[in-house]
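Asker: Below are the chains, spelled out letter by letter.
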Amino acid sequence: MSIKDHGLLINYDFCTGCHSCEVACKKEHDLPEGQWGIRVLQDGPREKEDGTWEYTYMPLPTTLCDLCEARVEEGRLPTCVHHCQARVMQFGPYEELARELSNMPRTVIYAVK
Amino acid sequence: MAFERNPDLYRKDWRWQEGDLTVTRTCHWSAPGCHDSCGVLLYTDKDDKLVKIEGDPNQTYNNGTLCMRCLNMLEAVDHPDRLKYPMKRAGERGEDKWERISWEEALDIIEENVRRIQKEYGPESIVGMMGTGRNCNWAVPLITYAGFGSPNFALGFLSGDSCMLPRAAIGAAVMGDLPIIDAAQFWPERYDHEGWKRPDYVFIVGNNPLKSNGDGFLGHWIVEMMKMGTKLIVSDPQLTWLAAKAEIWLQGRPGTDGALALAMIHVIIEEDLYDHQFVDEWCYGFDKLAECVKEWTPERAEEITWIPADKIRRAARLFASGNPSSLQWGVAVDMNVGGIPQAHAWIAMNAICGNIEKPGGNLIARDAYGMVLSYPYGYDKYVSPEMQALRIGLDFSPLHRFAAGAATAHGDSILQCIETGKPYPIKMIWFQSTNPIANMAGEAPRVYDAINKMDFVVVVDVFKTPTAVAFADLVLPAAMSCERNSIRGWWTPTRAITKVSSYYEAKSDEEIVVAVCSRLNPENFKPRTDLELLEEAVENGIDNPPFTYAELTKMVDSWPERPYGMHELGLLRSDGQPGFNTPTGKIELYSIVLEALGDPPLPYYEEPRESPQSTPELAEEYPLVLTTGHRSYEFFHSEHRQQPTMREFHPWPLVEMHPDTARKYGVADGDWVWIENTRGRCRQVVHETPTMDPRVINAEHGWWFPEQGAEEPSLFGVFDSNINNLTNQCVTGATGYGAPYKSQLCKIYKCTDENSDVMPSKQVTELGGFKYDRIQYSDDAVHDNTNEEVLGGRKYVY
Ligand code: SF4
Ligand code: SF4
Ligand code: SF4
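In order, the protein sequences belong to chains A and B. Reading the first sequence from the start, the letters are residues 1 to 113 in the numbering used here. Reading the second sequence from the start, the letters are residues 1 to 798 in the numbering used here.
A few of these clues could be false.
Computed list of lysine-lysine pairs in PhoX-like fashion (alpha-carbon distance at most 25 Å, straight line) [unchecked claim]:
no. : chain 1 : residue 1 : chain 2 : residue 2
1   : B       : Lys-231   : B       : Lys-245
2   : B       : Lys-49    : A       : Lys-27
3   : A       : Lys-48    : B       : Lys-227
FYI, nobody ran anything at the bench for these hints, they're computed from the structure. It should be emphasised that the depicted structure is a prediction, and the values quoted were computed from it without experimental measurement.
This is chain A alone, in the form it adopts within the complex (with noise of 0.2 Å):
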């Protein structure tokens, strides 16, 4: 297994903002203040003109971020996966990944490596 063939499925349509995967991340790589191996942005919220709202958050891995490669090695998920609360990310080989899009709509592949 190669970890540049993986990457990150999210599916921001369920992203609740809710600052695990940053935290995770930031406890596993031992980040000081300020820095961050992935970031949850937000879009929103705003009414749209139908009257609905448009309220997204988005988490996006950052050039430190290196698919948690020691704990893949050990056979561990990286630690975004693993705690993410609305379990809206998944970590495996792009194909499995993309085979995953067609029945969930709002969601993207990072490729990181």
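Assemble the complex: chain A is given as a structure, and chain B with the ligands must be docked to it using the hints.
Answerer: The following block gives chain B with the ligands in isolation, referenced to the frame of chain A:
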């Protein structure tokens, strides 16, 4: 191939070795606290030091996930400010001068004071207090009952007992139990449980479950159900993320959900959307309920709630159309004077729609194996009937007598008892895991004055809190969750909490119970170690738990059988007959119990005592509706403020308001602003957001600043941003339950050098507090302008 975890790293054993590290599979509760107990893997090194925490993927309660508070556990456990040793006060109260002492010496001081007060005033003059429900739910009651021999255990002066207890009390009265939403959390296989189905609609009222995780319910389970197709209806004065995802968001005026409930029932009955079969078989008093909601048209409710009538109609129709729907309610239901009748209305709405005890509906929640490790624990065993009769607040809140889970003394009445010395004096308070001048008590400056009157104050906590500095004669260091052997009995499953590390001389709540009770009551109180106490607790389980505590540790958790339709199977009543545990055996839309207690037997709406509608003149000076008490992911009430990671995410107390509101009052995002009403003021940082109604602002609670000075007047700045400078005590519902934390009036103005000369901390600790008349329960106060007809002539008197 899909990525598979290495099963050797995630075993189902309770403990194993991984290289130099020992892994213990257990559950977390508190401290630091929350209402849940997620499965965790605790990694300790050869010196028994906690070095890492992960969520346990084999614990299906949380499926390996953790929130940021558990993920940041090491920052809590290793924090340099933690209390390490018992200390006695060496200077005046508030001077922050301490002398380290031994536990033996601390117990000597406790014994001397308790014996003296018992002798001079009686055991009832000693009060034991904890904060919101955490892992001292049974420890503090037990110390109060078995150690002090007092019936007066209370929740940190919480006004109107308004956190879950109103819902628990009315639930006990009208259906014998408390219903909670079925997210398949009663079975280890969770969503695969045979028969479980996801609800069509979840109606969320009075909480943001993702952040609050109230009532032993992990909020993110709702997201799991949304992924399966569950739709939401959300009533919230603010657009939460869940509200943005909802089919309908009902943006009401804080404190008016009771009117919304009556109007929704009106629609459901008028349009014949209710479940006739369930109503005929299992509800009592339907005709009377129908009669009482007749006038509650959505148009009438719109005037009160500000929610458009057509939205109320649509919400009612959608909710009634679900098969099933379920109700996710929260603390905001409790936190208004009409908390009890509002909760009654929601139960009635849910019942007539037939959602009770159905898969995916609302299920009756009981502690697994009848292990009720909470407020009543030890009450009947250690407190004599004569002493029980002296429990404070019983005489004017008989509902407190009725509900077993509500075995609390009444916080407002204790406060008034301290202030007036009637019906008897209070001389000592034992605070364990509560910080009432930061939050939980309303009217913090008033509570500050009251506590200062005590002869003797003990504070047991993990950090030196403002409460400890201001009042404690003795401070005792408590252990955190990973440092204690304990048990989670609240709902399901029963979970073991296993000690993996130690911290200086900190003792677990269980060890403190044993130390104090075996010193003060050695004849009757038998356990001599924490493990003996825990074995006894398991033995006390009414439904014969099939394990000992030692076995549970190795099982990690245990899930009792739990069929659907418990009322049909005769599993709810002590006589073994089918039905609910009420006088009629049915869910009482018209309550026989309330009627007998002299309380209104049907749901009704009570307007907040202070609002643009009930006090329009006051609203001229204080035009904004103030709500408070909402949660954030970073903090649990007043906890976690000393953790740098939490403050990185959330550095300051935020008051949320619509951009139009900010503009109107000349403030902008990031400005410090004074929030003021007749009782006092505090300052917070403006956060502009279009999610608020421009007439409402939403301020945070629980703030203190551990980085600031301890000694008075500072007290870690606890009064400076304290929204409880503006809330009330002794303004509660007809039953004594429910207080208006969620609905006050206020004004705001920008902080300047000139108007910030005297900070609230100085005002409270040195200048005698803010000047206003503090409301007392009496014949002529509180009720003279409100709703005499619905109060059934009840008077607040001692
Ligand atoms: S994969 Fe690892 S390094 Fe990358 S964002 Fe997630 S936790 Fe951080
Ligand atoms: S942990 Fe999951 S739900 Fe929470 S912010 Fe990150 S991606 Fe979103
Ligand atoms: S809800 Fe959060 S703080 Fe509470 S036990 Fe679970 S992970 Fe820990």
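Asker: A separate judgement is required for each hint: does it hold in the structure or not?
Answerer: Hint-by-hint comparison with the structure:
1. B/Lys-231 <-> B/Lys-245: holds, 8 Å
2. B/Lys-49 <-> A/Lys-27: Measuring from Cα to Cα gives roughly 17 Å; hence the hint holds.
3. A/Lys-48 <-> B/Lys-227: Distance ~23 Å between A/Lys-48 and B/Lys-227 Cα, so the pair holds.
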